[in-house]
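*Asks:* Our numbering numbers the first residue of the sequence shown as 2 and each following residue consecutively.
Treat the hints as calculated values from the structure; they're not laboratory data. Just so you know, even glycine gets a beta-carbon here, dropped at the ideal spot from N, CA and C. Keep in mind that the hints are not guaranteed to be accurate.
Derived DEER-like restraints, expressed as beta-carbon distance ranges [unchecked claim]:
id	residue 1	residue 2	range
1	MET2	LYS59	31 to 41 Å
2	GLU97	ARG65	12 to 22 Å
3	ALA82	LYS59	13 to 23 Å
4	LYS59	PRO140	21 to 31 Å
5	LYS59	LYS107	12 to 22 Å
6	ALA58	MET2	16 to 26 Å
7	GLY83	GLU106	18 to 28 Å
8	LEU28	GLU131	34 to 44 Å
9	GLU105	PRO40	32 to 42 Å
Using 16 Å as the maximum straight-line C-alpha spacing, the simulated EDC-like pairs for lysine to aspartate or glutamate come out as follows [to be verified]:
id	residue 1	residue 2
10	LYS3	GLU69
11	LYS136	GLU105
12	LYS3	ASP147
13	LYS41	ASP62
14	LYS41	GLU85
15	LYS27	GLU105
16	LYS41	ASP94
17	LYS3	ASP89
18	LYS66	ASP89
19	LYS136	ASP89
20	LYS3	ASP109
21	LYS27	GLU85
22	LYS41	GLU97
23	LYS16	GLU97
24	LYS136	ASP94
25	LYS3	ASP94
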Amino acid sequence: MKVIIATDGSETGNKVADYGVRFAAKLGAAVYGIYVINPKTVELRAAEHNDISPGHAKEIDMARKAGEAALAGLASRCRAAGLEVSTDILQGDPAEEIIRLAGEEKADMIVVGNVSKTNIEYMYMGSVSESVVRKSPCPVLVIRGDMRV
Numbered sequence: 002m003k004v005i006i007a008t009d010g011s012e013t014g015n016k017v018a019d020y021g022v023r024f025a026a027k028l029g030a031a032v033y034g035i036y037v038i039n040p041k042t043v044e045l046r047a048a049e050h051n052d053i054s055p056g057h058a059k060e061i062d063m064a065r066k067a068g069e070a071a072l073a074g075l076a077s078r079c080r081a082a083g084l085e086v087s088t089d090i091l092q093g094d095p096a097e098e099i100i101r102l103a104g105e106e107k108a109d110m111i112v113v114g115n116v117s118k119t120n121i122e123y124m125y126m127g128s129v130s131e132s133v134v135r136k137s138p139c140p141v142l143v144i145r146g147d148m149r150v
């Protein structure tokens with residue numbers, strides 16, 4: 002059995018990691034942890050920071066470092082629980098990347114978080130968890146950001 006845990010390193014992402022690892026441990030499942038660098042987020046942050054580097058290299062590098070830290074934490078939790086774990090940093094639309102990977106890896110379940118967004122954020126970015134639930138090839142467990150886990 003294989004569970005994909007998608008984290009972004011945020012407080013909600015850490016809740017997702019904690020709950021996902023506990024869930025995978027109960028199932029004896031292997032974990033595939035992922036962090037997706039979203040080009041739309043990179044563009045917004047580049048504009049905020051006046052990043053004019055080609056392809057917003059500085060922002061992508063910062064996002065990659067954040068992803069490495071988030072996945073290191075997830076992998077540590079998995080190892081402490083005695084779980085097999087692999088991790089990857091992907092780049093693209095988060096929902097599409099999660100769904101694509103779930104199909105390729107023949108995942109049995111996906112664990113994602115859900116965070117409230119402003120109307121503007123929702124219009125521009127959409128809801129990753131909603132898209133994953135609608136299009137996933139396997140069951141999806143959504144952890145709300147306001148939940149105690």
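*Asks:* Failing hints, ascending?
*Replies:* 3, 4, 5, 6, 8, 9, 10, 12, 14, 15, 19, 23, 25
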